[in-house]
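Undergrad: Please work from the sequences and hints to get the whole structure.
For reference, the chains in residue letters:
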Amino acid sequence: MSHATIHHGVDLCDVDTLRDVMTRHDAFAERVFTPDERAYCERYPDPVPHYAARFAAKEATLKALGIGLTPFGVDRALQDIELVRRGRAPALRLAGRPARAARALGVFSRAVSISHEGERALASVVMLAEAPE
Amino acid sequence: MANTLVTRDKIEAEVRAALAATLRIEPETIDMDTSVVNGLQATSIDFLDINFRLESAFGVQVQTQLLLDHVEEQLGDGKAIDANNQITEAAASLLKLYFGEIEGIKAGMYADEIPMLVTPKIIADGMERILEHLPDTCQDCGASEWKTEDGAKVVCGACGAEAQYPDGDTLVTEWIQQVEAEHKLFAGA
Ligand SMILES: [Zn+2]
Chain A
0 MSHATIHHGV DLCDVDTLRD VMTRHDAFAE RVFTPDERAY CERYPDPVPH
50 YAARFAAKEA TLKALGIGLT PFGVDRALQD IELVRRGRAP ALRLAGRPAR
100 AARALGVFSR AVSISHEGER ALASVVMLAE APE
Chain B
0 MANTLVTRDK IEAEVRAALA ATLRIEPETI DMDTSVVNGL QATSIDFLDI
50 NFRLESAFGV QVQTQLLLDH VEEQLGDGKA IDANNQITEA AASLLKLYFG
100 EIEGIKAGMY ADEIPMLVTP KIIADGMERI LEHLPDTCQD CGASEWKTED
150 GAKVVCGACG AEAQYPDGDT LVTEWIQQVE AEHKLFAGA
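First to last, the protein sequences are chains A and B.
Anchor point for the first sequence: position 112 equals 111 in numbering that gives the first Met the number 0, and the numbering is continuous, going up by one each time.
Anchor point for the second sequence: position 158 equals 157 in numbering that gives the first Met the number 0, and the numbering is continuous, going up by one each time.
Just to be clear, a hint being listed does not mean it is correct.
To be verified - Within a straight-line C-alpha distance of at most 30 Å, the following computed DSS-like cross-link-like pairs (lysine-lysine) qualify:
(1) B:K105 - B:K183
(2) B:K95 - B:K9
(3) B:K120 - A:K62
(4) B:K146 - B:K120
(5) B:K78 - A:K62
(6) B:K9 - B:K120
(7) A:K62 - B:K105
(8) B:K95 - B:K120
(9) A:K62 - B:K95
(10) B:K152 - B:K120
(11) B:K183 - B:K78
(12) B:K105 - B:K78
Worth flagging that the hints you see were computed from the coordinates, not collected in a lab.
Computed from a predicted structure; not experimentally measured.
TA: Pasting the structure below:
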């Protein structure tokens with residue numbers, strides 16, 4: 000029987016906090032979210048709850064991978080984690096440092112789920128990795 | 000040319016102001032040597048807010064990759080961070096050169112512990128590294144008449160354009176090349 004280890008990350012994003020920051024900095028959306036994520040969110044009359052769910056997904060992914068953002072700099076790892084739609088279900092596309100971290104862990108399967116209600120957005124990310132021998 | 004228009008005091012004051020505004024605390028209460036993550040309890044959105052504030056205040060673009068990720072991009076995977084996510088001897092030496100003598104940097108530490116080491120002083124150092132690269136002449140009109148009204152944003156006295164500094168990633172890349180040429184930290188590793 001084969002064994003796998005589970006890596007799990009969960010994150011809550013406060014919609015108003017994100018709204019404040021995005022309002023203050025015009026460059027925020029472009030530096031943090033991918034073009035496809037922006038196109039998706041901007042279809043809604045109020046895009047911020049959708050951005051918040053995506054931000055939570057990025058954070059939950061970083062937690063699952065055990066990697067942190069740098070406090071000095073605008074980390075491109077955020078752009079390297081993209082929430083995409085496969086039919087109705089969301090999925091994650093990884094590149095750059097997050098993709099390397101996933102390879103190093105031996106991740107072979109992953110799932111993401113998002114939810115938003117009121118002023119909070121939530122994301123949960125689960126990854127299955129080959130158990131280290 | 001050295002940037003004499005933006006002083007270290009002004010850089011530290013702006014870092015304090017950015018942290019204080021984002022975290023809703025008094026600027027005077029901020030210890031420049033405390034961990035931004037553990038001591039000031041800043042979250043990821045806070046980091047972004049603080050960095051965007053500083054970019055606007057000084058008219059610069061900060062780095063988008065951690066120092067050790069730049070190393071791996073330039074010198075190869077595994078040179079700085081091993082398969083267990085622990086940092087190599089050479090990476091620890093490089094971090095000490097970059098951050099100065101702060102406690103906690105050692106070979107074998109986990110890479111995701113590095114963000115915990117970042118202090119307001121280190122953020123100010125990072126800004127200073129960019130700001131000291133004020134170009135000799137204006138990129139738009141060629142004049143060398145830089146001036147500043149607020150002590151933070153430098154503009155051309157002839158045409159009014161904002162000074163264009165090299166971005167943070169370019170400077171980190173150059174710094175790693177210089178250090179590697181001098182110290183050969185990764186050459187044998
Ligand atoms: Zn000019």
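Undergrad: Each hint should be assessed against the structure and marked as holding or not.
TA: How the hints compare with the structure:
For a cut-off of 30 Å, the pair hint linking B:K105 to B:K183 stands: about 18 Å separates their Cα positions. For the suggested pair B:K95 and B:K9, the alpha carbons sit about 25 Å apart, so the restraint of at most 30 Å is met. Of the supplied pair hints, the one linking B:K120 and A:K62 holds, its CA atoms being roughly 26 Å apart against a limit of 30 Å. Distance hint between B:K146 and B:K120 is fulfilled; the C-alpha atoms sit about 26 Å from each other, no more than 30 Å.
About 23 Å separates the Cα atoms of B:K78 and A:K62, which keeps this hinted pair within 30 Å; it holds. Simply put, B:K9 and B:K120 have alpha-carbon atoms about 13 Å apart, close enough for the 30 Å limit, and the pair holds. A C-alpha spacing of about 23 Å is found between A:K62 and B:K105, which places the hinted pair at or below 30 Å, so the restraint holds. Between the alpha carbons of B:K95 and B:K120 the distance comes to roughly 14 Å, so the proposed pair stays at or under 30 Å and holds.
Using a Cα cut-off of 30 Å, the hinted pair A:K62 and B:K95 holds, with the two alpha carbons roughly 26 Å apart. A hinted pair counts as satisfied when its Cα atoms are at most 30 Å apart, and B:K152 with B:K120 qualifies at roughly 20 Å. With a CA separation close to 12 Å, the supplied pair B:K183 and B:K78 stays within the 30 Å bound. For the given pair, B:K105 sits about 15 Å from B:K78 by alpha-carbon distance, which is consistent with the 30 Å threshold.
Every hint, counting from the list given before, is met by this structure.
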